[in-house]
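**Student:** The hints should help you fit chains B and S onto chain V, whose structure is shown.
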Amino acid sequence: MAVHTFESEHEATSTGLPNTKLAMWLFLASDCLLFGALISTYVLYRGSSLVGPYPADVFDIPYTSVSSFVLLASSLTMVLALAAIQRGEMGRMRVWLLATALLGMTFVGGQVYEFTTFYREGLTLSTNLFGTTFYVLTGFHGTHVGVGILMLLSLVAMSFTGRITPRDTMAVELVGLYWHFVDIVWILIFTVVYLIPTGK
Amino acid sequence: MATVSVRTEGARSGLLRRPTATTGFWSWITTVDHKRIGILYGITAFAFFVIGGIEALFIRLQLAQPNGKILSASTYNEFFTMHGVTMIFLVVMPLSAAFFNYFIPLQIGARDVAFPRLNAFTYWAFLAGGLFIYSGFFLGGAPNGGWFGYAPLSTVEPGNNMLFYSLGLLMTGIASTASAMNLAVTIINMRAPGMTMFRMPVFMWMGLVVQLLLAFAMPIITVGLFQMLFDRRFGTHFFDPAAGGDPVLWQHMFWLFGHPEVYILILPAMGIVSEVLPVFARKPLFGYQFVVFSGIAIGFIGFGVWAHHMFAVGLGPVANTAFGISTMIIAVPTGVKIFNWMGTLWKGDIRFTTPMLFAVAFIAQFVVGGLSGVTHAVVPADYQQTDTYYIVAHFHYVLFGGAIFGLFSGVYYWWPKVFGRMLDERIGKLHFWLMVIGFNLTFGPMHILGLQGMPRRIQTYPATLGLGVWNLVATIGAFIIATSVLIFLLNAIASFRRPKDATADPWDARTLEWSVSSPPPPYNFEEIPVVHSLDELWHRKYAEREGGLVVPVPAGGAGTDPPHGEGHGDGGHAIHLPGQSFFPFVAALGLPLIGYGVIFHLWMAVAGAVVLLVGVYGWAIEPASE
Amino acid sequence: MERADVREPAPPTPARGRTVRHPSPKEYVRIAVVLAVVTAMEVGIWYAEISRALLIPLLLIFAVIKFVLVVLWYMHLRFDSRTYARFFMIGLAGAVTLFLVVLLTFRAFSG
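Residue numbers (this note's numbering), protein chains in the order written: chain V, 259 to 458; chain B, 132 to 757; chain S, 3 to 113.
Extracted from the complex, chain V is given alone in its bound form (with noise of 0.2 Å):
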């Protein structure tokens, strides 16, 4: 959703700032409560499943740290696409945002590998809290980065199509807002849900 509305940042503005920009930091803080609801959902039921399996029968905390390695990385790859156009080097901003949207795949196949693999251990959405609060959490985050990749891949048609042009700076600087945000949400469930032992 964020792609469109570039116009507005050659206009004036009543403060200087785009449009556009406002509004996607808008929508983040916006988004803050949505995960504030589900991580809270999260900690709330932490440790209240009254049937396993419990996180500390199926969490693989190395495979997870990779995931989370490699969602840090994206983050790098994003904001050398923005510095990439930012100096209107156009080919190297496509790399970046592809190699963003690689390594943004790689989390989400990893995501999808451990869900199946808890499956298989027995945990579903309605085997008890743990499932239900894991699954949904970890599920929404990972719509958000299935939206996100879209988005890059978007990016990079669009930049063969003539969209995107080297004037376009602010498309990449707010698809990559989202992506950041979508990765610091990671850093804290990754903590929250990963490491911080049960109590039981």
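These are calculated hints, taken from the structure and not from any lab test. Remember, it's a predicted structure, so these values are computed and weren't measured experimentally. Treat the hints with care, as some may be off.
Each pair of labels, with its calculated beta carbon distance range [unchecked claim]:
id	chain 1	residue 1	chain 2	residue 2	range
1	B	328	V	418	35 to 45 Å
2	S	106	B	505	19 to 29 Å
3	B	505	V	319	48 to 58 Å
Cross-link-like lysine to aspartate or glutamate pairs, in silico, DMTMM-like; alpha carbons within 25 Å at most [as the list claims (entries may be wrong)]:
id	chain 1	residue 1	chain 2	residue 2
4	B	478	B	666
5	B	414	B	556
6	S	28	V	426
7	B	631	B	555
8	S	28	V	347
9	B	478	B	639
These stretches of chain B come out as covered by chain V in the derived footprint (C-beta under 8 Å, 3 or more residues) [said to hold, decoys possible]:
id	stretch
10	307-313
11	319-327
12	350-363
13	504-513
Cβ atoms here follow ideal geometry from the backbone N, Cα and C, with glycine treated the same way.
**Tutor:** Below, chains B and S alone, put in the same frame as chain V:
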């Protein structure tokens, strides 16, 4: 002359040919003009108002006598639930959105909102959500778990009723959130030169506060609705005590949203009243900054009082005390506003036109509702009042006596601006007096019924309880309200049979929207105005002599009715307007498909997602204007 | 574009679109190294057998450090207009405060 370049011929850069109709059906489907979208919001909301009102009449008929037999218990559940859902989500919110859409650009001196196509999308998404919820009546049962859908009733009951509730409200929630971003950015960023924040009309300030409340409250209910949906449809256990879950979590999610929502409903009406009173008292608003800051304070504190809806749940004495205190505190900024309005009227040169009458009634009735609200803040008293008709009386005084009266004030005030015709004043006053009488006759007795112990939401009651008399009075009142709405409808229809003869400024008003013709041209302002003061238009029309005597600025000064259309020769300039688009409509069409898919067959959800994607991509590829 | 002419010139805040100084790629990489090191430390102390009372605060501090680094550098809040930061802070502070209160009413931390 000012040429309006909306589009160029043969534009083919998008998926579909750029729509260019300026009249007729497709012009409305593809419009991105904030004024047309405002009208769409208004008409839709009014249609839902009639439907929700009919539901209320059935409820009142059922309760008019002990042992009523008009509605079965299950139909009754659907009717009271849908009455609440309709009036809150499909009437007061979109009616406020109608005024914001129409008047935000006009009052801040802009040609449109920041994101015109997003604006169109929010309307279609809202309409889709509303129709989706109502389609439940034909597809196995409408929502029946109360407007706040308490778990576990809402998650364990068989039937798809509450799926229509959760999915439909998710759609209207998407609309509200997107609209909030759009309008907030518009107010912050699209102001005319010189229109500083503290030169904005109070209605704009209330608009900004409401958009921020929406932006921060909607995501919470979104999560709650998803959790309810997943519990009901996919077997999760968020609110399932049998698996260790806690239904109270739903109450938190709901009221974390639900209390800011109360201010989302009332602040627009407060903004309207703050516009209407100065115009008809012919005085500036008393204490403009106090009104603005108290509005902001209400917005902030409004997020800190949610648990007063849950005193009877058993949160413990600490939480109950804290939330009781915060609830009393929020009465302070609200009281500040009341005194400012009274100060505006004090020694004013008052004209009791219909909008003024509604505004004054708003103040009186809102005070009653506000005071009964303060009684809920007293925890032990609230234990007695919870879930009785006393609560019903309270929130109808706030939301009907307050919000709806304020909105009707706005309808009468701005009707000539929107449609170019005046509403008849005599019929308007008849509407007003019938509505005031009907309203107080309906909801006044409910205070007594509640204190006598009549619970909310019951389908009927035995004669021995002695509740029959006041219930009958309330029912009579409800039909008087219905008559008054009918009279309004006749007034509205009659206005369209008269010529479009409203002048630009029929009320001798103070704000910028009255400086352009009625109705305004598609581009709003031929020249973007340069603003020098609060109440800009007033200061263009009147000057203050020494000694405080106010005199009209002699003709030839800054006029009230700027020429529009012809007369500027060829040295004019092009006004660039955003082009019409099919895609917001297409994208919104995907939402109900996804909704039905989740309820019935998942392949429909996939089809809906494809439609949504086509809409979004068509939108992204298409330039905002050619 | 006509609108640009009639508006007063916007104040020359550091917010004006492309006049903002964004970090260089080198700085971006440096931040990435720090992020990677902190993540490695998180996983490291998770394996180290330290008491919960120490582990949990440490993990939370590390997460906050990473969060802040990404927001300030990669999302440019350190360099951009304060307005963005204010919006984001309202959302963030609101979320933290509201949900802490909710969890407290459930006595979620006393177990």
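**Student:** Checking each numbered hint in turn, tell me which of them this model violates, lowest number first.
**Tutor:** 13
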